[in-house]
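Visitor: Residue numbers (our numbering), protein chains in the order written: chain A, 85 to 268; chain B, 351 to 660; chain C, 106 to 539.
Quick caveat, the hints were computed from the structure, so don't treat them as lab data.
If a hint is listed, it holds; no wrong ones were tucked in.
Quick list of in silico lysine to any residue cross-link-like pairs, SDA-like style, CA-CA up to 20 angstroms:
#1 A:K176 to B:K377
#2 B:K359 to C:N380
#3 A:K169 to B:K353
#4 A:K176 to B:R382
#5 C:K518 to C:M494
#6 B:K527 to B:G544
#7 B:K415 to A:R162
#8 B:K385 to A:R162
#9 C:K111 to C:N123
#10 A:K176 to B:S375
#11 B:K385 to A:D163
#12 B:K386 to A:D163
#13 B:K543 to C:P317
#14 B:K385 to A:D210
#15 B:K543 to C:E319
#16 B:K393 to A:D163
#17 B:K377 to A:V179
#18 B:K597 to B:L627
#19 B:K385 to A:V179
#20 B:K386 to A:N178
All of these numbers come straight from a predicted model, not from anything done at the bench.
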Amino acid sequence: MLCFNVVMKKELLNENDIGRIISRMAHEIVERNRGCKGLNVVGIQQGGVALASRIAQKMSAIENIEVPSASLDISFYRDDLDIRKTQPVVRKTNVPFDINGKTIILVDDVIYTGRTVRAAMGALMDFGRPAQIQLAVLIDRGHRELPISADYIGKNIPTSKAEIIKVLFKERDQVDQVYIQRVE
Amino acid sequence: MYKDLISIKDLSTQDIDLIISTAISFKEVLQRDIKKVPTLRGKTAINLFFEPSTRTKTSFELAQKRLSTDVINFTVPTSSVVKGESLFDTIKTIEAYGVDFIIIRHQSSGVPYLVSRFANASIINAGDGINEHPTQALLDTFTIIERKGAVAGLNIAIVGDIFHSRVARSNIYCLTKLGANVRLIAPNTLLPKGIENENVHIYTNLDKGIKDADVIMTLRIQKERQSGGFLSTTEEYFRFWGLTRKKMASAKPDVIVMHPGPMNRGVEIASEVCDSLHSVIYDQVVNGLAVRMAVLYLLSSAKLNYTGSL
Amino acid sequence: MDIILKNGHIVDPSAGINTVGHIVVKDGKIKKIILASGIAEEETAKDMQIIDVAGLHVFPGLVDIHVHLREPGYEYKETIESGCKAGLKGGFTTLCCMPNTRPPNDNKTITEYIVQKGRSLRLCNVHPIGAITKKQDGKELSEVGIMKDSGCVAFSDDGRPVTNSLIMRRALEYAKVFDVPIISHAEDVYLSDDGVMNEGYVSTHLGLKGIPAEAEVIMIKRDIELAALTGGSLHIAHVSTAGGVSAIREAKSLGINVTAETTPHYFHITEDYVNGYNTSAKVNPPLRTQKDVQAIRQGLHDGSIDCIATDHAPHHRDDKECEFDRAAFGISGLETALALGLKLVEDGVLSLSTLIEKMTIAPSNILKLGKGTLREGADADIVVVDLNMEFTVDKEDLVSKGKNTPFHGWRLKGVSVLTIVDGDIKYNLKQVNQ
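Construct all of the structure, not just a fragment, from the sequences and the given hints.
Guide: Right under this line is the structure:
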């Protein structure tokens, strides 16, 4: 008989939930910034990119002006290259606009220790000097190791460190879903 | 787990793909206003050049600086090698400084390999004797992929002093591994014995060799080869093996022309060719930087899955 | 003390002996070989040392006509003493040392120094080989006659060839006057250029410059032609190529006065040993291909190659642990030669008797040393060998100062347990029961 760990997998959000949350977050961003002028959305590779483009589209729809979105790979800025067994796969960075003086909405799917966001801010600063950076995340699962907090949160989900949060997007995974998984 | 880049022969096609795709990302970094990333902050690299080199050393040094690596250059005239210190003592002394990367160029084939056997640092071969120059082959491959999409199936002609060229050897290993039809074009005096076993086609006639070529790689001809009986005059070489626009007519219309530099205009390549739109010689320079950054990045925690062995 | 070696299996090709018997040694000479089972009155002589060597083989002490003892000048690589001790361990009782010392052995002062040193050490018999040309630079002939009188048994510029054909012709003609052979290091240095290993796919694969087989073959053929022209006595050193073997075979069939030697590394290993830039396998002439190994074996089998030498070329580790291009050429061979030779017997290339012939009487005859035999009255140079004892070659175990062997780690069979020179036990592996 095959022997493996019991994996408990539980859906937290389905496609409709995610759609509603994105819509709400887009409204919050527009509200806080009094429109979309000078706003650029930047998604962190890999989970933040699809979310960023959906938020940007929603914002465009609300205000009826185009909101540019970009992708940012932060591999070269990570602080854990030394302790990893393998280097992270480097994905595409495509920031097609000038970020100087702009308000950047930095987007990621999950915020956890805060180290990815720190690296992303470092990377972003090398592209220029934005007027402001605001952070939007779909899931905040707690356990911060750095003094970083998100400005826009889709859903707070308290977790233990043994749990894994998975965010799937149609663009990449054929389905919109958030689930939690516990390996015992 | 391997930590070194000594020979293209040690790389799998997956390793090569990983290096090229990482190089693409670094090339994007190089197009930013701030071209430096903190990736290898706190790491130290020593460029140990036992042979004069401007281009390769500059490229490595800049790659290291773009990655925030601390760099020390150690070249022969200022080194203790001239005082009769053995190679291995030199390496051990350098290792005592706790460096992470040692980039070695040496006139004797096999030196980077021998050093990698006992050094803890990552050893990168920046050219050993007439053996290999792996980062050059990787940057050439990157340049070809950038222009042609892929290497497999391309007709790639390498013209010139194959015998003395580590660039040629590394490119032969790399491009045949990736499925190119590699042709070597040279007078017999400049072809190393047994090279036909490397799955390449040998031509002594340039016109035949570059027929339908997608890529023509020209190699530097060193003037001192005349005295070794490898060739007659450089004028005669140019007439039969020098690449001119007229001779290029038999290649494909969109052929690209490469040269590892430094070029001898009017010996292996005519000015009208290296200054033409076919030439990708300056792409090779910037790609060299990106590839060397990629190699340093990937070796910094040794994740290339080597398949070959010497 | 006088000795009786009892019950050993005696193999002496010079006398056609290959059977169990006893050897009586008296006053440093072979007094008698008794092939009958009983021992006569000698056994009862009370001042005789009786050594029972039942189950072991007894051969004439091995004769190596091609070694480098490095003294004078390169004592950090080897000395006459350390080389002789390595020889004794390997079963050799006679060593002929090449002249590429510093200064080279191109005059009688050096020759006398080597002879004296060898005599005073009382280890192996040491016979110098003189340089053909002064400073071994291929230009002016050495004082062949005077050096012969001082003890040189042959002449060679080994380490390099006599490039100038005219000088080689003169050397063969001139040496004929004194009845000494010329030993040819056959290499066309222009063809070898700055090569460091055999030319072929492996050299291309490693990015090392190659020495084509033709560099040897051409020179062997030239020297054979010169031997034919002059009637001089020519011995070809360290044959490594199939082409060389054929050329010598043909010359012999034409009655030309030529002999030849090869060494264990040319009949066991190929250029593949250079892989990994292994400087222990860097040797000149270089290790060749499997085809050459087969041809060398055939040459030994059919007699085209007369004898086995070692070309023992010890080097200090500093001369080997370095860049391949810069590393010295040479293999430390005295302590592995016998077992590597015995492997030829195991492989069915040579009979035991033929192998021993090629390591004793044959080389002795080429240089007219009067050694390599157990005939009554001969110098009592004897080696007792355990053919069944296995060992693993460990370079650190070598007695020679040169630890440069490509056979490190090889499992071999056949160990010399007792080496006797001039009737005295000079090497005794395990204090054989006495």
